[in-house]
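Trainee: The chain contents come next:
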Amino acid sequence: MIRATLILARREWIRFFRQPHRVIGSLAQPLLIWAFLGAGFSPSFRTPGMEQISYTEYFYPGILLMLMLFSGIFSTITLIEDRAQGLMQGVLVSPAPRMAIVMGKVIGGIAIAGIQTLPLLLAAPLLDIPLTWSGLVWLTGGFLIATLGFTALGFLIAWNMESTAGFHAVMSVFLMPMWMLSGALFPLDHAPMWLKSLMIINPVTHALTLIRTPLYHSPMELLTSSSYWWAGGIAITWASACLVLALWRVNQVERGLDPARFISQSPKGPS
Amino acid sequence: MDDFSQVPAVHISRLHHVYPGTRHEAPRLALDGVNLNIPTGAFFVLTGPNGSGKSTLFKILSGLTRPGLGTVSIHGQDLLAVPNRVRRQMGVIFQRPALDKHLTVLENFQIHAGLHAIPSHQFQPRLDAALAWSDLQTRLHTRVGTLSGGLARQAELVKVLLHEPQLLLLDEPTAGLDPGGRMAFMSTLRRLQKKRNVTILMTSHIFAEAEQADLVGILRQGQLLAMDAPSRLTARLGNEILVIQADDPAAIAHTLTNRPELSWQIHNHELRIQGTQLPTLMADLLQAQRARIQTLAIKQPTLEDLYITLTGRALTSDEEEENR
Ligand SMILES: Nc1ncnc2c1ncn2[C@@H]1O[C@H](COP(=O)(O)OP(=O)(O)O)[C@@H](O)[C@H]1O
Ligand SMILES: [Mg+2]
Chain Z
18 MIRATLILAR
28 REWIRFFRQP
38 HRVIGSLAQP
48 LLIWAFLGAG
58 FSPSFRTPGM
68 EQISYTEYFY
78 PGILLMLMLF
88 SGIFSTITLI
98 EDRAQGLMQG
108 VLVSPAPRMA
118 IVMGKVIGGI
128 AIAGIQTLPL
138 LLAAPLLDIP
148 LTWSGLVWLT
158 GGFLIATLGF
168 TALGFLIAWN
178 MESTAGFHAV
188 MSVFLMPMWM
198 LSGALFPLDH
208 APMWLKSLMI
218 INPVTHALTL
228 IRTPLYHSPM
238 ELLTSSSYWW
248 AGGIAITWAS
258 ACLVLALWRV
268 NQVERGLDPA
278 RFISQSPKGP
288 S
Chain X
4 MDDFSQVPAV
14 HISRLHHVYP
24 GTRHEAPRLA
34 LDGVNLNIPT
44 GAFFVLTGPN
54 GSGKSTLFKI
64 LSGLTRPGLG
74 TVSIHGQDLL
84 AVPNRVRRQM
94 GVIFQRPALD
104 KHLTVLENFQ
114 IHAGLHAIPS
124 HQFQPRLDAA
134 LAWSDLQTRL
144 HTRVGTLSGG
154 LARQAELVKV
164 LLHEPQLLLL
174 DEPTAGLDPG
184 GRMAFMSTLR
194 RLQKKRNVTI
204 LMTSHIFAEA
214 EQADLVGILR
224 QGQLLAMDAP
234 SRLTARLGNE
244 ILVIQADDPA
254 AIAHTLTNRP
264 ELSWQIHNHE
274 LRIQGTQLPT
284 LMADLLQAQR
294 ARIQTLAIKQ
304 PTLEDLYITL
314 TGRALTSDEE
324 EENR
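Top to bottom, those sequences are chains Z and X.
Using the numbering used here, the first residue of the first sequence is number 18, and each one after it goes up by one.
Using the numbering used here, the first residue of the second sequence is number 4, and each one after it goes up by one.
None of these hints come from the bench; they were simulated from the model.
From the three backbone atoms N, C-alpha and C, an ideal C-beta is built for every residue, glycine too.
Check each hint, because a few of them may be wrong.
Computed far set for chain Z versus chain X, every beta-carbon distance over 12 angstroms [to be verified]:
{"hint": "1", "residue": "Gln69"}
{"hint": "2", "residue": "Thr95"}
{"hint": "3", "residue": "Leu104"}
{"hint": "4", "residue": "Val108"}
{"hint": "5", "residue": "Val110"}
{"hint": "6", "residue": "Gln133"}
{"hint": "7", "residue": "Leu161"}
{"hint": "8", "residue": "Leu173"}
{"hint": "9", "residue": "Met193"}
{"hint": "10", "residue": "Phe203"}
{"hint": "11", "residue": "Pro204"}
{"hint": "12", "residue": "Leu205"}
{"hint": "13", "residue": "Pro209"}
{"hint": "14", "residue": "Lys213"}
{"hint": "15", "residue": "Leu215"}
{"hint": "16", "residue": "Ser244"}
Residues from chain Z that face chain X, not an exhaustive set, calculated with beta carbons under 10 angstroms [what the hints assert, rightly or not]:
{"hint": "17", "residue": "Arg28"}
{"hint": "18", "residue": "Ile31"}
{"hint": "19", "residue": "Arg32"}
{"hint": "20", "residue": "Gln106"}
{"hint": "21", "residue": "Ala113"}
{"hint": "22", "residue": "Met116"}
{"hint": "23", "residue": "Arg266"}
{"hint": "24", "residue": "Asn268"}
{"hint": "25", "residue": "Glu271"}
Covered stretches of chain X (chain Z as the covering partner; in silico rule of three or more C-beta atoms under 8 angstroms from a C-beta of chain Z) [stated by the list, open to error]:
{"hint": "26", "segment": "13–24"}
{"hint": "27", "segment": "42–52"}
{"hint": "28", "segment": "108–116"}
{"hint": "29", "segment": "249–258"}
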């Protein structure tokens, strides 16, 4: 089980580096958005309690989260290609447990997200963000929960998809809005009521809290903050629910209908 | 090849499979009561037109799909009850390529070894043994995407040989290969069967390939029409058949109605006659019906002829037939 998981994770990793456009694409887009929005909004951005930070800085955790979303989700797109080819069938007929397919994807996705988020993390000191080593440990925790959630969610969606076009559609009408309404672009506090409620029930909002808070607060402050604990609880519940659903889904074996019932429904057969 | 041992490699009984419908499609009966016994060590080819249910049967045999009704046992073990134990004995090659084309040949083999829990000290000797069946020795570090179709298929074969299966399932393994590639692949399979006593089940919609097998099954619309050694199957049509091409074959057939020892089918512009003393008949027809006949020939019946006789049609796809 462990060997099968690791070998499948390694495959994700090798494949990622063999496709340079993926490396560049998933890194460049968030960086461009960050640069343009940061430059455009910074002069006018003022939010109570955070007057001293620029929009570029406000947006920084959101961009980290976007990188995690992109690399987590896009690493599961390969699943659609694998299923269209015989590749996934090859894995499914092997004696390796089906769980290894999910775990291989998730671990591979997390590793890829890690290598993509790392360069941006180096930007923290440039923004005068008081990130400490212990803060980094907590940030890593948030990173693991968020990427786990995104990869498992991506897995669930991709497993039911026939084409990558369908996946991109889900990405733009469902996953991107989840990110936009997470507080990545604007703070929750001053949003209209309806938007605010959407944002509160959005698990990605809470994942973002796990990314943003360790940048500014010491571990001691985190441990005593009930809102941080709440966010952690909700995000962990979301990520594990996605993982459990993905594991359950992958273990479902396709099965045929009972022919007796089928024939009684349509006595002359299929056509 | 009559020295097959007693427990069959594959025993299938009353197998039915109905694909559940979707919003746009009604449920579809893909296998309709298939019974099949394949002795250990046999080379079995399942033929039939596209859409006849060959791949569905393979998906069930490899444990990817569970049938709605029927039983399958492999070497005496119930596939549906202990799928994992049974799967270890099988090597499966699907119709669609199952190698990662971004990875090298060797990397793909390593993944396979990992999935099949092949101990690492056994990997190299097994790889050497499996590679001996291929022309891939110098291509291990080539990316699969850049291999030719024939070599890619060989790579699939080497891959499944790594875990030393006793039963090989191959779904249209020669599809997309040129005639030379086909022949080479088939003869490799033949040698594998002989040297290692592997049972081989493959599908093909090419009758010429089926003629090289020990046993042939003909599937049509989910039903097994016939199953026997190819020579015995073609013998059902006698030693020879007379094939006449004509604009109006029915008119020629009409002149044969007083000859009860003959039987015939008409298919498009072809009249196929089975019976005895065909050379005499040929001479008679040439005299009496010359104007109507375009070509005529006596030939040894092939599996394709049997298929046409059994079904009254040429090998078109079952799906096309339904759409007509
Ligand atoms: N996943 C599926 N869902 C619904 N129907 C299917 C599916 N796969 C195959 N079929 C139908 O089942 C029948 C048999 O298909 P298949 O086993 O692929 O035939 P073959 O391999 O002989 O070409 C066809 O009518 C096909 O349309
Ligand atoms: Mg098929």
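Trainee: Each of the hints needs a verdict: does it hold here or not?
Mentor: Now the hints, each set against the structure:
Here Z/Gln69 stays apart from chain X, with its beta-carbon at least about 48 angstroms from theirs, past the 12 angstroms limit. Z/Thr95, annotated as away from the interface, has a beta carbon of chain X within 12 angstroms; the closest lies near 9 angstroms. Z/Leu104, annotated as away from the interface, has a beta carbon of chain X within 12 angstroms; the closest lies near 5 angstroms. Once the 12 angstroms rule is applied to beta carbons, Z/Val108 is inconsistent with being away from chain X; the minimum gap is 6 angstroms.
A beta-carbon of chain X comes within 12 angstroms of the beta-carbon of Z/Val110; the shortest separation is about 5 angstroms. Residue placement check: Z/Gln133 keeps its beta carbon more than 12 angstroms from all beta carbons of chain X (closest about 18 angstroms). At roughly 24 angstroms, the least C-beta separation between Z/Leu161 and chain X is larger than 12 angstroms, which holds for a residue marked as non-interface. Look at Z/Leu173: its CB is around 19 angstroms from the nearest CB on chain X, clear of 12 angstroms, so calling it non-interface holds up.
Annotated as non-interface, Z/Met193 keeps its C-beta farther than 12 angstroms from every C-beta of chain X; the closest such distance is 27 angstroms. In this structure Z/Phe203 is separated from chain X by more than 12 angstroms, as the shortest Cβ-Cβ distance comes to about 39 angstroms. Taking the minimum C-beta to C-beta distance to chain X, about 42 angstroms, the non-interface status of Z/Pro204 holds against the 12 angstroms cut. With a closest Cβ-Cβ approach of about 39 angstroms to chain X, Z/Leu205 is found to remain outside the 12 angstroms limit, as its non-interface label requires.
With a least CB separation of 37 angstroms from chain X, Z/Pro209 remains clear of the 12 angstroms interface cut-off, as annotated. Consistency note on Z/Lys213: stated as away from chain X, and its beta-carbon is indeed over 12 angstroms from all of that chain's, at 37 angstroms minimum. Listed as outside the interface, Z/Leu215 is consistent with that label: its C-beta sits roughly 30 angstroms from the nearest C-beta of chain X, beyond the 12 angstroms cut-off. With a least beta-carbon separation of about 44 angstroms from chain X, Z/Ser244 lies farther than 12 angstroms from that chain, consistent with its non-interface assignment.
The beta carbon of Z/Arg28 is positioned within 10 angstroms of a beta carbon in chain X (closest approach about 6 angstroms), and the interface hint is therefore held. Taking 10 angstroms as the C-beta contact cut-off toward chain X, the hint placing Z/Ile31 at the interface holds, the least distance being around 6 angstroms. The interface hint given for Z/Arg32 holds, since its Cβ lies 5 angstroms from the closest Cβ of chain X, which is under the 10 angstroms cut-off. Taken as an interface hint, Z/Gln106 checks out: its beta carbon lies about 5 angstroms from the nearest beta carbon of chain X, inside 10 angstroms.
With a least beta-carbon distance of about 4 angstroms to chain X, the hint placing Z/Ala113 at the interface is held under the 10 angstroms criterion. Checking Z/Met116 against chain X by beta carbon gives a least distance of about 13 angstroms; that is not within 10 angstroms, so the hint is violated. Interface hint at Z/Arg266: violated, since its Cβ lies 15 angstroms from the closest Cβ of chain X, which is beyond the 10 angstroms cut-off. Evaluation of the Z/Asn268 hint against chain X yields a violated restraint, the C-beta minimum of about 12 angstroms exceeding 10 angstroms.
For the restraint placing Z/Glu271 at the interface with chain X, the shortest Cβ-Cβ distance is roughly 5 angstroms, inside the 10 angstroms limit, so the hint holds. Counting residues of the segment 13–24 of chain X whose C-beta sits closer than 8 angstroms to any C-beta of chain Z gives 5, which meets the bar of three, so the coverage hint holds. Residues of the segment 42–52 of chain X with a Cβ under 8 angstroms from some Cβ of chain Z number 0, which does not satisfy the need for three, so the listed coverage is violated. Judged by the Cβ-Cβ criterion of 8 angstroms, the segment 108–116 of chain X is covered by chain Z as claimed, because 4 of its residues qualify and three suffice.
Look at the segment 249–258 of chain X against chain Z: 0 of its residues bring a Cβ nearer than 8 angstroms to a Cβ of that chain, fewer than three, so the hint is violated.
Hints 2, 3, 4, 5, 22, 23, 24, 27 and 29 from the list above are not met by this structure, while the remaining hints are.
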